[in-house]
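Could you build all of it, start to finish, from the sequences and the hints given here?
In order, the protein sequence lines correspond to chains C and B. So the first sequence is numbered by our numbering: it starts at 1 and just counts up by one. So the second sequence is numbered by our numbering: it starts at 1 and just counts up by one.
Please keep in mind that the hints were generated in silico from the structure rather than gathered at the bench. Please note that the accuracy of each hint is not assured.
As the list claims (entries may be wrong) - Once the Cα atoms are required to be at most 30 angstroms apart in a straight line, the calculated DSSO-like pairs of lysine-lysine come out as: (1) C/K205 - C/K224; (2) C/K129 - B/K239; (3) C/K163 - C/K314; (4) C/K81 - B/K286; (5) B/K272 - C/K314; (6) C/K305 - C/K268; (7) C/K481 - B/K239; (8) C/K81 - B/K272; (9) B/K272 - B/K234; (10) C/K314 - C/K395; (11) B/K272 - C/K163; (12) C/K75 - B/K175; (13) C/K358 - C/K314; (14) C/K75 - B/K436; (15) C/K75 - B/K234; (16) C/K278 - C/K314; (17) C/K224 - C/K242; (18) C/K242 - C/K402; (19) C/K278 - C/K395; (20) C/K163 - C/K253; (21) C/K75 - C/K242; (22) B/K229 - C/K75; (23) B/K234 - C/K81; (24) C/K268 - C/K178; (25) B/K34 - C/K81; (26) C/K196 - C/K81; (27) C/K274 - C/K253; (28) B/K175 - C/K129; (29) C/K224 - C/K278; (30) C/K481 - B/K234; (31) C/K75 - B/K272; (32) B/K219 - C/K75; (33) C/K481 - C/K178; (34) C/K81 - B/K123; (35) C/K203 - C/K224; (36) C/K481 - C/K466; (37) C/K81 - C/K481; (38) C/K242 - C/K203; (39) B/K272 - C/K481.
One-letter residues, chain by chain:
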Amino acid sequence: MKNRYWPIVVLVLAMVAMLGLLSFIQGRMNAIRVENHLTDVDPLENAPPLVAFTSVALGGFRGLVGDWLWLRSSKMQDEGKYFEMVQLADWIVKLQPRFTGSHAFLAWNMAYNVSVTFTSFEDRWRWVKRGIELIRDEALEFNPGDPELFRQLGWIYQHKMGKDLDDANRYYKTEFAKEMIRLFGDYYGQWEIIQKAPLEESKLKAVLENQPEFWNILAANGYKNFLEFEQEFRNLAVIPEKVSRQLQEAGIKEPVELCLRHRWMVNKYRLEPKWLLKLNDRYGNLEWRLPEAHAIYWAERGKEKWHSAIDTFKRLSCDRMIFQSLNNAFQMGRLVYLKDIEHLEMTPNISLVDAVDKAYRDVQEYYEESHVEGAYVNFLVDAVVCLYKFGEKSKAKEYIDKGRALNPGRFKLNLEEFVLQELAEDMEAASYQHAQGTVQGYLLQAYYQLAIEEQETAESYVVIAKQLYDHYQRFVEGTEKRRGLPPWEQMQKTSLMLAKQRFPEPLARRLEEILPRSDEKFIPAAGEIAAPVVK
Amino acid sequence: MIGEGCKIHYGKLYYKVYKSANRKATNRQVVSVKAFLAIMIQTIRSAVRSKVFHVLFLVIMLAVFLLPTTVSGDGTAAGLVQISLTYSLNVVVALISTTTLWLACSLLSREIEAYNIHLVVSKPCPRWLVWLGKWAGVFVMHAVILLVSAAVIFALINWRLGRGNFSEAEIARLKMETMVGRRAFLPQRPDFESEVNQEYRRRLASGELEAGHNEGTVKGEIRRSVIAKEGEVKPGDMKTWTYPNVSTSSDDDMLYIRYRMYSGDSTDTNQKMIPCLWGFLLPAEKSQVSAPFAMQDFRIAGGSFQEMPVRAAAVVDREQNNQVVLRFVNLPQEMWGGVEAVPAVFQAADRPVILCRVAGFFSNYARSMVLALFQIAFLAALGCAVGSAFSTPVAAFAAISYLVIGMSVQAAIGAPLRNEDGSYRYKNLMEESMHKFAQVVRVLVVSVDDLDATSDLAKGNLVEYSRIGRAFLNLIVIRTGLIAGLGVWILTKRELGTVIKR
Chain C
1 MKNRYWPIVV LVLAMVAMLG LLSFIQGRMN AIRVENHLTD VDPLENAPPL
51 VAFTSVALGG FRGLVGDWLW LRSSKMQDEG KYFEMVQLAD WIVKLQPRFT
101 GSHAFLAWNM AYNVSVTFTS FEDRWRWVKR GIELIRDEAL EFNPGDPELF
151 RQLGWIYQHK MGKDLDDANR YYKTEFAKEM IRLFGDYYGQ WEIIQKAPLE
201 ESKLKAVLEN QPEFWNILAA NGYKNFLEFE QEFRNLAVIP EKVSRQLQEA
251 GIKEPVELCL RHRWMVNKYR LEPKWLLKLN DRYGNLEWRL PEAHAIYWAE
301 RGKEKWHSAI DTFKRLSCDR MIFQSLNNAF QMGRLVYLKD IEHLEMTPNI
351 SLVDAVDKAY RDVQEYYEES HVEGAYVNFL VDAVVCLYKF GEKSKAKEYI
401 DKGRALNPGR FKLNLEEFVL QELAEDMEAA SYQHAQGTVQ GYLLQAYYQL
451 AIEEQETAES YVVIAKQLYD HYQRFVEGTE KRRGLPPWEQ MQKTSLMLAK
501 QRFPEPLARR LEEILPRSDE KFIPAAGEIA APVVK
Chain B
1 MIGEGCKIHY GKLYYKVYKS ANRKATNRQV VSVKAFLAIM IQTIRSAVRS
51 KVFHVLFLVI MLAVFLLPTT VSGDGTAAGL VQISLTYSLN VVVALISTTT
101 LWLACSLLSR EIEAYNIHLV VSKPCPRWLV WLGKWAGVFV MHAVILLVSA
151 AVIFALINWR LGRGNFSEAE IARLKMETMV GRRAFLPQRP DFESEVNQEY
201 RRRLASGELE AGHNEGTVKG EIRRSVIAKE GEVKPGDMKT WTYPNVSTSS
251 DDDMLYIRYR MYSGDSTDTN QKMIPCLWGF LLPAEKSQVS APFAMQDFRI
301 AGGSFQEMPV RAAAVVDREQ NNQVVLRFVN LPQEMWGGVE AVPAVFQAAD
351 RPVILCRVAG FFSNYARSMV LALFQIAFLA ALGCAVGSAF STPVAAFAAI
401 SYLVIGMSVQ AAIGAPLRNE DGSYRYKNLM EESMHKFAQV VRVLVVSVDD
451 LDATSDLAKG NLVEYSRIGR AFLNLIVIRT GLIAGLGVWI LTKRELGTVI
501 KR
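Right under this line is the structure:
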């Protein structure tokens, strides 16, 4: 080697040696930075090499590049070139991984502003999902515990998907429910079992007692490794049939599937089963296939991080999200039937009423102000009406009494008069959730009266339900896609099913005996109600 | 002097260059195509040796191979193609333009500074041929790089599309809307002048106008108001557009109506959802009903671009000069669902146009590459011209300044606010005079943005032959011709012996 190359070789070797040494002390240096508050933010975690490289190599110029990308993004949006926005947002997040305010804005912009520029519901849903994914898959990757991101994510679930302000809201709910059904499979609600399932391949190996059977089956079916099999599982949402059979024969299907679903929930959707359990314990059984439960989940996670005095306002916004979502979940938070957007049907989750009430009161107590008094009174009104409609008269009485204690003027009428008055007002300006709940409530009452052999009263309830149904459908004419109710026959079927589930066993049996002898108007058109499954 | 009195015999495929008649016959030289080719090849060789070129070429290769395979769109097939085209082609064309300009600026000026050119000009080779050979060398080399890069990008996009797992419906939509060349048909322009005259006469008759008023000023005001109102549709009102000569190759073709409307005011950032009806006149049903419009209801977000497909067979009236009639109804207040109804505003630039497929994607792609080639030809000429006059750094500075002025002027022209009728709204006299100045400079300076066809290509808009023809005339014949003439003149007149070697 010529002499002139020696200095270069020496320098390169020195550089490699120093980098090697640096890697040993970097962890300690980061710890010192945090301990002594030497930087405003913690060192970046979980960053892929490209992000780590750009954040170091570009230094202060990252901001300039980020600004330019931001301006380009705005320009592209103005020109209707939305195809670039996902890529630009991705780069902005990678260039400024700690600037979570910008990530939250970009996600909100996609979910709200970009989505509504499309007329097709499918296109709109794609953009709402992009917004969610930007926070969940990108921003949270670098800022795993950032409450601002949690809050924004919760807001998209609660407001964009949960409310009926967007023409496509029912499409969102339907598609989201399908996605969740795919995610949970047959293990919906079994959070404790899922929580115990291993999250890493090595731990799965330990659960399978280090037997190579599972990996032999994978190899025999052409999978190069566990990750490839996992990808296939996520595409199909079930274990491929042939593999499933072989796993079943080997007696290891359940631990494998639980591990796959646990990993899918945590790694992709960032849904921690322990949190699902915690929230179910706190509020009652939430419907995790509907957006409200997810709004509560993210708001709770955000709230947990905001505990200092300066975060009061942010914490309050999370609390608001929680009690509003709980209220929605109480009023229409159980998925009854799902085929497509026309057939999406939900029903009140009455068991949540006390949890919602407690959430409102806790918030009032915590902030020592009447921030939410108006909202609480509205909830009490809704609770009384809803409980009454669904036959929970004693509970409705309890809630009207609570209302009287708080606002005697608003709750001055007796229970029946109060409910009738509210119902009349509701149907004029009802959201479809309200209208759906009202019609279902009357149908349930009708079946209850039928079961106790009060045929005349039952008939009058059916007539009222049908009148309300027709009245509401006329009222929303022209906007049926957004606010229309499911077909009448379907609502009858689901209400009858609910009645059988909810009534005490003897009453349910009585109803089954009486029904065939009753007037035809009580008998829904033939056909069974399918469970909410997705093929 | 060498180069005077040149004569070109095209039929014999070689040039004969004559010296002036008063020179001796022995000095007459015949410079064959070989001389030109020799200069061109030498230019390419020395370009390939340039270190700056090596770096830029490496970056070009990275852009060609990495960008189409790494950028991700919005998850749709159309998004993938659009973003790949936008990023790959833009970056590659920009990099190739940079190398073109740099090499064009540096090769000639360095040869002058290094006295290499003295060896060439002492041979029987006119200076215009030296200049042309340099230009051709730079152009041909970059044209080849561009075409190869374009072919690779085209192949990579198709490859990625094939691996994308997209549904058949999505691919079909992509081929109808994005990977296609769609011609834009504009609506008939309303007769503003007769409307203006009519309104003027009415005001005159009603005595609204003062005696001694300036007719031109009043008519100008009326015209602005008429044009502004032309794009406004109040709640409960409707508007009809007529498109003549919508020629389609077959009745199975799809037409796409592209438009953007604003709710209330185009400057309002809080745009509303507009409940409306869109429909077409159905020629087949004209005999049965007087105005057989098929209408469909929509709720459209204000300020967003929209595309609405319709089958050509249903709406093109073959008996009426291939006419299409489109109607829009802004629904009345009762249909706005509690929101205050506002007018729908169509700006002149965003009014509905009908897009119809007239060429395939490959053809459109090739056309946009022709425009890119024009750009390279122009930049090579610009670089060679300034390289003839200055040293490399000064030449590069002069060429970049020219381009920066072109880009800045473009931005300056678009800077003032516009009225709804498309006219400019100046804040003061200063702004107006600066804007007029920018418009004059714009005529003189070429903006490279003019040649960017990638945006149209990505949207599936046809790059028309007429556009290519205009670009050829304006950019190649006039601008490049003038700049080339200037460069040749400078090189011919320049006293090369006075250049000081550093």
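Evaluation of the provided hints:
Annotation: proposed proximity of C/K205 to C/K224 holds, straight-line Cα distance about 17 angstroms (limit 30 angstroms). Between the alpha carbons of C/K129 and B/K239 the distance comes to roughly 36 angstroms, so the proposed pair goes past 30 angstroms and is violated. For a cut-off of 30 angstroms, the pair hint linking C/K163 to C/K314 stands: about 21 angstroms separates their Cα positions. Annotation: proposed proximity of C/K81 to B/K286 is violated, straight-line Cα distance about 38 angstroms (limit 30 angstroms).
Note on B/K272 and C/K314: the hinted pairing holds, with a Cα-Cα distance of about 29 angstroms set against a maximum of 30 angstroms. Taking the CA atoms of C/K305 and C/K268, the gap is near 22 angstroms; set against the 30 angstroms cutoff, the hint holds. With a C-alpha separation of about 27 angstroms, the suggested pairing of C/K481 with B/K239 holds against the 30 angstroms cut-off. Between the alpha carbons of C/K81 and B/K272 the distance comes to roughly 20 angstroms, so the proposed pair stays at or under 30 angstroms and holds.
For the hint pairing B/K272 with B/K234, the CA-to-CA distance comes to about 14 angstroms; that is within 30 angstroms, so the pair holds. A distance of roughly 34 angstroms separates the Cα atoms of C/K314 and C/K395; the hinted pair therefore is violated under the 30 angstroms criterion. The straight-line distance between the Cα atoms of B/K272 and C/K163 is roughly 18 angstroms, inside the 30 angstroms bound, and the hint therefore holds. Between C/K75 and B/K175 the alpha-carbon distance is near 26 angstroms, which keeps this suggested pair within the 30 angstroms criterion.
Restraint check: the Cα-Cα separation between C/K358 and C/K314 comes to about 20 angstroms, which is no more than 30 angstroms; the hinted pair holds. The straight-line distance between the Cα atoms of C/K75 and B/K436 is roughly 25 angstroms, inside the 30 angstroms bound, and the hint therefore holds. A distance of roughly 29 angstroms separates the Cα atoms of C/K75 and B/K234; the hinted pair therefore holds under the 30 angstroms criterion. Of the supplied pair hints, the one linking C/K278 and C/K314 holds, its CA atoms being roughly 22 angstroms apart against a limit of 30 angstroms.
Restraint check: the Cα-Cα separation between C/K224 and C/K242 comes to about 16 angstroms, which is no more than 30 angstroms; the hinted pair holds. Between the alpha carbons of C/K242 and C/K402 the distance comes to roughly 58 angstroms, so the proposed pair goes past 30 angstroms and is violated. Proposed proximity of C/K278 and C/K395 is supported: the alpha carbons are some 26 angstroms apart, at most 30 angstroms. Restraint check for C/K163 and C/K253: not satisfied, since their Cα atoms lie roughly 39 angstroms apart, outside the 30 angstroms limit.
About 51 angstroms separates the Cα atoms of C/K75 and C/K242, which puts this hinted pair outside 30 angstroms; it is violated. Only pairs whose Cα atoms come within 30 angstroms are accepted, and B/K229 paired with C/K75 is accepted, the gap being roughly 27 angstroms. For a cut-off of 30 angstroms, the pair hint linking B/K234 to C/K81 stands: about 28 angstroms separates their Cα positions. Pair hint C/K268 plus C/K178 holds up; C-alpha atoms about 16 angstroms apart against a cutoff of 30 angstroms.
Straight-line distance between C-alpha atoms of B/K34 and C/K81 comes to about 50 angstroms, which puts the hinted pair past the 30 angstroms bound. Only pairs whose Cα atoms come within 30 angstroms are accepted, and C/K196 paired with C/K81 is rejected, the gap being roughly 46 angstroms. For the hint pairing C/K274 with C/K253, the CA-to-CA distance comes to about 23 angstroms; that is within 30 angstroms, so the pair holds. Taking the CA atoms of B/K175 and C/K129, the gap is about 25 angstroms. The hint holds against a cut of 30 angstroms.
Straight-line distance between C-alpha atoms of C/K224 and C/K278 comes to about 38 angstroms, which puts the hinted pair past the 30 angstroms bound. For the hint linking C/K481 to B/K234, the alpha-carbon distance of about 26 angstroms falls within 30 angstroms, and the restraint holds. About 20 angstroms separates the Cα atoms of C/K75 and B/K272, which keeps this hinted pair within 30 angstroms; it holds. With a CA separation close to 36 angstroms, the supplied pair B/K219 and C/K75 exceeds the 30 angstroms bound.
Between the alpha carbons of C/K481 and C/K178 the distance comes to roughly 19 angstroms, so the proposed pair stays at or under 30 angstroms and holds. Between C/K81 and B/K123 the alpha-carbon distance is near 56 angstroms, which puts this suggested pair outside the 30 angstroms criterion. For the suggested pair C/K203 and C/K224, the alpha carbons sit about 19 angstroms apart, so the restraint of at most 30 angstroms is met. Using a Cα cut-off of 30 angstroms, the hinted pair C/K481 and C/K466 holds, with the two alpha carbons roughly 20 angstroms apart.
Between the alpha carbons of C/K81 and C/K481 the distance comes to roughly 27 angstroms, so the proposed pair stays at or under 30 angstroms and holds. Of the pairs offered as hints, the one joining C/K242 and C/K203 holds, with about 24 angstroms between alpha carbons and a cut-off of 30 angstroms not exceeded. Between B/K272 and C/K481 the alpha-carbon distance is near 19 angstroms, which keeps this suggested pair within the 30 angstroms criterion.
Violation of the numbered hints given earlier is confined to hints 2, 4, 10, 18, 20, 21, 25, 26, 29, 32, 34; the remaining hints are satisfied by the structure.
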